[in-house]
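**Q** Please build the complete structure, drawing on both the sequences and the hints.
So you can see what is in the structure, the chains are spelled out below.
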Amino acid sequence: MTKKRNILITEVALRDGSHAIAHQYTVDQVANIAKALDEAHVPYIEVAHGDGLAGSSLQYGLSRTDEFKLIEAAVSVCEQTKIAVLLLPGIGTIKELKQAADLGAKMARIATHVTEADVSAQHIGLAKELGMEAVGFLMMSHMAPVEKLVEQAKLMESYGADVVYVVDSAGALLPYEVRERVRALKQYLGIEIGFHGHNNLSLAMANSLVAIEEGATRIDGSVRCLGAGAGNTQTEVLVAVLDRLGIETGIDLYKIMDLAEEIVAPMLPAPQEITRDSLVLGYAGVYSSFYLHAQRAAKKLGIDARDILIELGKRKVVGGQEDMIIDVAMEIKKKREAVTR
Amino acid sequence: MSKLKVAILGSGNIGTDLMMKLERSNILQLTTMIGIDPESDGLRRAKEKGYEVIDVGIKGFLEKPELAEIVFDATSAKAHLHHAKLLKEKGKTVIDLTPAAVGALIVPPVNLGEHLEEKNVNLITCGGQATIPIVHAINRASRVEYAEIVATIASKSAGLGTRANIDEFTQTTSKGIEVIGGAKKGKAIIILNPAEPPILMRNTVYALVDEKTMNETAIIQSIQDMVATVQSYVPGYRLRTEPIIDGNKVTVFLEVEGAGDYLPKYSGNLDIMTAAAVKVAEEFAKHMLAKTV
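So the protein sequences, as listed, match chains A and B. Numbering-wise, the working numbering puts 17 at position 17 of the first sequence, and it's gapless, one number per residue. Start counting at 1 in the second sequence, then tack on 1000, and there's your number in the working numbering.
Keep in mind the hints are simulated off the structure, nothing from the lab. We put the CB at the ideal spot given by N, CA and C, even for glycine. Hints may contain errors.
[Stated by the list, open to error] Here are the computed distance ranges between Cβ atoms for each label pair:
id : chain 1 : residue 1 : chain 2 : residue 2 : range
1  : B       : ARG1238   : A       : LYS300    : 20 to 30 Å
2  : B       : GLU1145   : A       : LEU253    : 28 to 38 Å
3  : A       : ARG315    : B       : GLU1114   : 35 to 45 Å
4  : B       : LYS1049   : A       : GLU147    : 35 to 45 Å
5  : A       : TYR188    : B       : ASN1026   : 55 to 65 Å
6  : A       : ARG336    : B       : GLY1247   : 18 to 28 Å
7  : A       : LYS95     : B       : LEU1081   : 18 to 28 Å
[Stated by the list, open to error] Residues of chain B clear of chain A, computed beta-carbon distances all greater than 10 Å:
id : residue
8  : LYS1049
9  : GLY1050
10 : ILE1058
11 : ILE1166
12 : MET1214
13 : PRO1235
**A** Set out below in structure tokens:
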């Protein structure tokens, strides 16, 4: 039944999409979506808090439902599809990774800032020990030059990663930048290469295609763009486009379109689109999950979210530093008041 | 007033910074620097300054145990397990700066007084030293149900040990938030930021307090008092803004600038460890000297 797949797609709506709905997933929602994705023959679904295992926090937003219940629910409804989890060392620990593996997660994606791969050795090692597929996930890939990215990816390969991803967390990479990054990784690494895009500059699809042209074989997508900021590469569209290109994903196009339209769309508080604030995430190179946090801080203090995001970009803030948002917003407000006084 | 003799075990960045801080102490007399690499900058500097230099590690010190009563261990968690046993046999008091956590966990302004008779104490983590005092300060004003801390440090100031076992930081710090800070539940997050020039260590403390015991004025006063106390031994420790209180949630933004002794100023995370170690040793010394009088 399963055809040979040229590209393996990981659906991230149940992890990255958690940001867009302020981590409010319920067991029923996750079970319904996961079941439909399994029936559409999606190879992998990532399930976790938006910031990975143990991400539920005041810093990033508290999960409505314990993520392990969500993982358990997804595993229980999937016959073919494998469940993946994300872990950011410094937030999650090997304890949560073991717990996820016990519940049946088969793939561990270990994410670090693009220059900090050496904090992932322990977690990648454990994932392999637990018999999981291990993926190194180099976030904010736009913030480091190509040589640095290669050096860090090689570290992850040396720890035992089966795949390394170029992760465009800010949706800031331009197609030529994706091309040179994936090309270099293909040249210097012996493992599979993946690409995770965000659509803040409306380039997620173009960038995914460029990555595939350069040899990437793992691509992340989210149905209805359900991901942080303007969302990710839209899975159902990606499946259709790859089909037109003669690239086999093994995913049933009608079924993935149906689940996007009938299950995911009605669940969204608002359609995922490129707003001025999400555009600025990509333009300023800021972590996409800052989106809602910056909008909330802006509203509270009566300032423009774009000013906060631009300033965060200038300060080279990295993923996970959500506490900088309110800090910077307060500084901007103070400066304004000093000027108008 | 007579001084108490101390030694530093480990001649890396932390040990060398400690050496420079100890020069200013009125109560502690650094006699010895113990390392394993005679070519290391730390041992070279110690020699220039006229301290006894041991370059064969702990065994050299065990042959001359009269050199110090208090030993600072600035090596690694693994090495400390070995050192702790040997130093205990010699009856030495050990201040452990590694994450080994063999002895009682100490945050000087919170629980040092209860542990002055201990022979081995541990300083938890840099994030713990920076944030547990604040959790405690909030908790003594209004009961803390949940406390969460986020420590952001410059990539350059995170050593290989920290990187290879980053889980140790989150786990040990959360334990400290509960056991010493007094929060019913604790959580810790650490973030490495590679920006150039390197950023100062930043810490954010979030606390959810029991609504029935919420006392805004008392919380703010308690935090300010605590910041002043920590500043007495870590001069670069400060609030970035006034604490924010929103319902029962208290948010405190802190930054720690190092004294710039041996380590660069941005590495407030390392400075707060060496400064706390000196503070602990001074209190131990006062206690020991008082007993001998």
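**Q** Evaluate each hint against the coordinates.
**A** Here is what the structure says about each hint:
1. For ARG1238/B and LYS300/A, the Cβ-Cβ distance of about 24 Å falls inside the hinted range of 20 to 30 Å, so the restraint holds.
2. Range check, GLU1145/B to LEU253/A: about 49 Å between beta-carbon atoms, so the 28 to 38 Å window is missed.
3. Roughly 41 Å separates the CB atoms of ARG315/A and GLU1114/B, a value that falls within the hinted 35 to 45 Å.
4. A hinted range of 35 to 45 Å holds for the C-beta pair LYS1049/B and GLU147/A, which are about 41 Å apart.
5. At about 57 Å, the beta-carbon gap between TYR188/A and ASN1026/B stays in the expected band of 55 to 65 Å.
6. Restraint check, ARG336/A to GLY1247/B: a C-beta distance of roughly 26 Å satisfies the suggested window 18 to 28 Å.
7. Roughly 22 Å separates the CB atoms of LYS95/A and LEU1081/B, a value that falls within the hinted 18 to 28 Å.
8. With a minimum CB-CB distance of about 34 Å to chain A, LYS1049/B clears the 10 Å threshold, and the non-interface call stands.
9. The non-interface label for GLY1050/B is consistent with chain A: the shortest C-beta to C-beta separation is roughly 38 Å, beyond 10 Å.
10. Once the 10 Å rule is applied to beta carbons, ILE1058/B is consistent with being away from chain A; the minimum gap is 27 Å.
11. Distance check for ILE1166/B against chain A: the nearest CB is about 5 Å away, which does not clear 10 Å, and the non-interface claim fails.
12. The claim that MET1214/B is not at the interface with chain A holds, since no C-beta of that chain comes within 10 Å of its own (minimum 16 Å).
13. With 10 Å as the threshold on Cβ separation, the claim that PRO1235/B sits away from chain A holds: the shortest Cβ distance comes to roughly 22 Å.
Comparing the model with each earlier hint shows violations of hints 2, 11; every other hint is respected.
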